[in-house]
Amino acid sequence: QQQVKQSPQSLIVQKGGISIINCAYENTAFDYFPWYQQFPGKGPALLIAIRPDVSEKKEGRFTISFNKSAKQFSLHIMDSQPGDSATYFCAASPGQGGKLIFGQGTELSVKP
Amino acid sequence: ETGVTQSPTHLIKTRGQQVTLRCSSQSGHNTVSWYQQALGQGPQFIFQYYREEENGRGNFPPRFSGLQFPNYSSELNVNALELDDSALYLCASSLVTYNEQFFGPGTRLTVL
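Residue numbers (our numbering), protein chains in the order written: chain F, 1 to 112; chain X, 1 to 112.
Fair warning: there could be bad hints in the mix.
Claimed, not checked - Listed below are the simulated SDA-like cross-link pairs for lysine to any residue, each with C-alpha atoms no more than 25 angstroms apart in a straight line: (1) Lys-5(F) / Leu-81(X); (2) Lys-42(F) / Leu-67(X); (3) Lys-42(F) / Glu-82(X); (4) Lys-42(F) / Phe-60(X); (5) Lys-58(F) / Leu-95(X); (6) Lys-42(F) / His-10(X); (7) Lys-5(F) / Ala-38(X); (8) Lys-42(F) / Asp-84(X); (9) Lys-42(F) / Asn-30(X); (10) Lys-57(F) / Glu-82(X); (11) Lys-57(F) / Leu-67(X); (12) Lys-42(F) / Leu-112(X); (13) Lys-71(F) / Gly-58(X); (14) Lys-5(F) / Arg-57(X); (15) Lys-42(F) / His-29(X); (16) Lys-42(F) / Thr-110(X); (17) Lys-42(F) / Gly-28(X); (18) Lys-68(F) / Arg-22(X); (19) Lys-15(F) / Phe-39(F); (20) Lys-42(F) / Gln-26(X); (21) Lys-42(F) / Pro-105(X); (22) Lys-58(F) / Thr-97(X); (23) Lys-5(F) / His-10(X); (24) Lys-58(F) / Glu-100(X); (25) Lys-5(F) / Gly-58(X); (26) Lys-58(F) / Leu-67(X); (27) Lys-68(F) / Phe-60(X); (28) Lys-42(F) / Gly-58(X); (29) Lys-5(F) / Arg-22(X); (30) Lys-68(F) / Ser-73(X); (31) Lys-42(F) / Val-19(X); (32) Lys-58(F) / Pro-70(X); (33) Lys-57(F) / Gly-41(F); (34) Lys-57(F) / Asn-99(X); (35) Lys-42(F) / Thr-5(X); (36) Lys-42(F) / Asp-85(X); (37) Lys-42(F) / Gly-3(X); (38) Lys-15(F) / Lys-58(F).
Hints were generated in silico from the structure; no laboratory data involved.
Since the structure is predicted, the reported quantities are computational estimates derived from the model, not experimental observations.
Whenever a hint applies, use it, and build me the whole structure from the sequences.
Shown next as structure tokens:
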């Protein structure tokens with residue numbers, strides 16, 4: 001049973017554009033929602049995270065939007081750059097220090 | 001501050017063999033989680049260790065086992081290797097009271 005569904009599977013964006021990746025979850029016990037960035041041959045790197053008590057969190061060019069009632073959250077990358085080309089994973093976790101349940105990933109390609 | 005390190009980087013084994021993977025947690029972190037990432041998929045939670053005890057386990061058979069040492073480093077052992085065990089094995093460290101998990105570069109295991 002896939003508890004976190006991520007879309008799209010792949011995304012091509014022009015340099016300077018906005019990249020948007022969406023995730024939906026099922027388990028209402030989830031209370032921590034991070035996004036990870038992974039380059040080929042590397043481990044995932046924590047990008048930004050949010051908890052359900054806020055609807056939006058922004059760090060630099062990266063913004064998470066969270067809709068608790070719809071059980072959805074999304075990552076927006078503003079002014080996308082070729083260096084942002086990577087695979088992005090959303091995840092969810094139930095409780096403090098709990099396991100991360102990952103989405104299937106989105107392969108982002110930013111064209112110059 | 002030292003990040004999460006893993007060894008070895010790559011490993012090739014044959015079906016039926018046993019393998020041990022190692023992880024050193026980030027300085028100050030007391031919890032280690034292990035994940036399996038198949039090609040083109042999101043990481044799947046194997047188990048977590050805190051205070052040298054297993055603190056949660058995913059849907060993996062008992063031939064996947066682990067250890068955590070007093071210095072918080074950890075080992076993942078896999079017995080009776082199967083072809084489907086070929087994957088990137090990721091270690092993540094964290095503080096038990098916080099959700100943020102920081103990943104190492106992973107060990108690429110190939111089972112022939």
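Outcome of the hint check:
1. For the hint linking Lys-5(F) to Leu-81(X), the alpha-carbon distance of about 30 angstroms lies beyond 25 angstroms, and the restraint is violated.
2. Of the supplied pair hints, the one linking Lys-42(F) and Leu-67(X) holds, its CA atoms being roughly 24 angstroms apart against a limit of 25 angstroms.
3. Between Lys-42(F) and Glu-82(X) the alpha-carbon distance is near 24 angstroms, which keeps this suggested pair within the 25 angstroms criterion.
4. Among the hinted pairs, Lys-42(F) with Phe-60(X) is consistent with the structure: their alpha-carbon atoms are about 23 angstroms apart, no more than 25 angstroms.
5. Of the pairs offered as hints, the one joining Lys-58(F) and Leu-95(X) holds, with about 24 angstroms between alpha carbons and a cut-off of 25 angstroms not exceeded.
6. Simply put, Lys-42(F) and His-10(X) have alpha-carbon atoms about 12 angstroms apart, close enough for the 25 angstroms limit, and the pair holds.
7. With a CA separation close to 17 angstroms, the supplied pair Lys-5(F) and Ala-38(X) stays within the 25 angstroms bound.
8. Note on Lys-42(F) and Asp-84(X): the hinted pairing holds, with a Cα-Cα distance of about 21 angstroms set against a maximum of 25 angstroms.
9. Simply put, Lys-42(F) and Asn-30(X) have alpha-carbon atoms about 23 angstroms apart, close enough for the 25 angstroms limit, and the pair holds.
10. In summary, the hint linking Lys-57(F) to Glu-82(X) is not supported, as the alpha carbons are separated by about 43 angstroms, beyond the 25 angstroms threshold.
11. Taking the CA atoms of Lys-57(F) and Leu-67(X), the gap is near 37 angstroms; set against the 25 angstroms cutoff, the hint is violated.
12. The straight-line distance between the Cα atoms of Lys-42(F) and Leu-112(X) is roughly 23 angstroms, inside the 25 angstroms bound, and the hint therefore holds.
13. Between the alpha carbons of Lys-71(F) and Gly-58(X) the distance comes to roughly 23 angstroms, so the proposed pair stays at or under 25 angstroms and holds.
14. Between Lys-5(F) and Arg-57(X) the alpha-carbon distance is near 21 angstroms, which keeps this suggested pair within the 25 angstroms criterion.
15. Under the criterion of a C-alpha separation no larger than 25 angstroms, the hint pairing Lys-42(F) with His-29(X) is consistent with the structure, at around 21 angstroms.
16. Annotation: proposed proximity of Lys-42(F) to Thr-110(X) holds, straight-line Cα distance about 16 angstroms (limit 25 angstroms).
17. Restraint check for Lys-42(F) and Gly-28(X): the C-alpha separation of about 22 angstroms stays at or below 25 angstroms, so the hint holds.
18. Among the hinted pairs, Lys-68(F) with Arg-22(X) is inconsistent with the structure: their alpha-carbon atoms are about 38 angstroms apart, more than 25 angstroms.
19. A C-alpha spacing of about 18 angstroms is found between Lys-15(F) and Phe-39(F), which places the hinted pair at or below 25 angstroms, so the restraint holds.
20. A hinted pair counts as satisfied when its Cα atoms are at most 25 angstroms apart, and Lys-42(F) with Gln-26(X) qualifies at roughly 16 angstroms.
21. At roughly 5 angstroms between alpha-carbon atoms, Lys-42(F) and Pro-105(X) fall within 25 angstroms of each other, so this suggested pair holds.
22. Distance hint between Lys-58(F) and Thr-97(X) is fulfilled; the C-alpha atoms sit about 24 angstroms from each other, no more than 25 angstroms.
23. Annotation: proposed proximity of Lys-5(F) to His-10(X) is violated, straight-line Cα distance about 30 angstroms (limit 25 angstroms).
24. Taking the CA atoms of Lys-58(F) and Glu-100(X), the gap is near 17 angstroms; set against the 25 angstroms cutoff, the hint holds.
25. Simply put, Lys-5(F) and Gly-58(X) have alpha-carbon atoms about 18 angstroms apart, close enough for the 25 angstroms limit, and the pair holds.
26. Taking the CA atoms of Lys-58(F) and Leu-67(X), the gap is near 38 angstroms; set against the 25 angstroms cutoff, the hint is violated.
27. Restraint check: the Cα-Cα separation between Lys-68(F) and Phe-60(X) comes to about 31 angstroms, which exceeds 25 angstroms; the hinted pair is violated.
28. The hinted pair formed by Lys-42(F) and Gly-58(X) meets the criterion: a straight-line CA distance of about 23 angstroms does not exceed 25 angstroms.
29. About 31 angstroms separates the Cα atoms of Lys-5(F) and Arg-22(X), which puts this hinted pair outside 25 angstroms; it is violated.
30. For the hint pairing Lys-68(F) with Ser-73(X), the CA-to-CA distance comes to about 37 angstroms; that exceeds 25 angstroms, so the pair is violated.
31. For the hint linking Lys-42(F) to Val-19(X), the alpha-carbon distance of about 21 angstroms falls within 25 angstroms, and the restraint holds.
32. For the given pair, Lys-58(F) sits about 38 angstroms from Pro-70(X) by alpha-carbon distance, which is inconsistent with the 25 angstroms threshold.
33. Restraint check for Lys-57(F) and Gly-41(F): the C-alpha separation of about 29 angstroms exceeds 25 angstroms, so the hint is violated.
34. The hinted pair formed by Lys-57(F) and Asn-99(X) meets the criterion: a straight-line CA distance of about 16 angstroms does not exceed 25 angstroms.
35. Distance hint between Lys-42(F) and Thr-5(X) is fulfilled; the C-alpha atoms sit about 12 angstroms from each other, no more than 25 angstroms.
36. Taken as a hint, the Lys-42(F) and Asp-85(X) pair is honoured in the structure, with Cα atoms around 19 angstroms apart against an allowance of 25 angstroms.
37. Simply put, Lys-42(F) and Gly-3(X) have alpha-carbon atoms about 13 angstroms apart, close enough for the 25 angstroms limit, and the pair holds.
38. This hinted pair checks out: Lys-15(F) and Lys-58(F) have alpha carbons roughly 20 angstroms apart, not beyond 25 angstroms.
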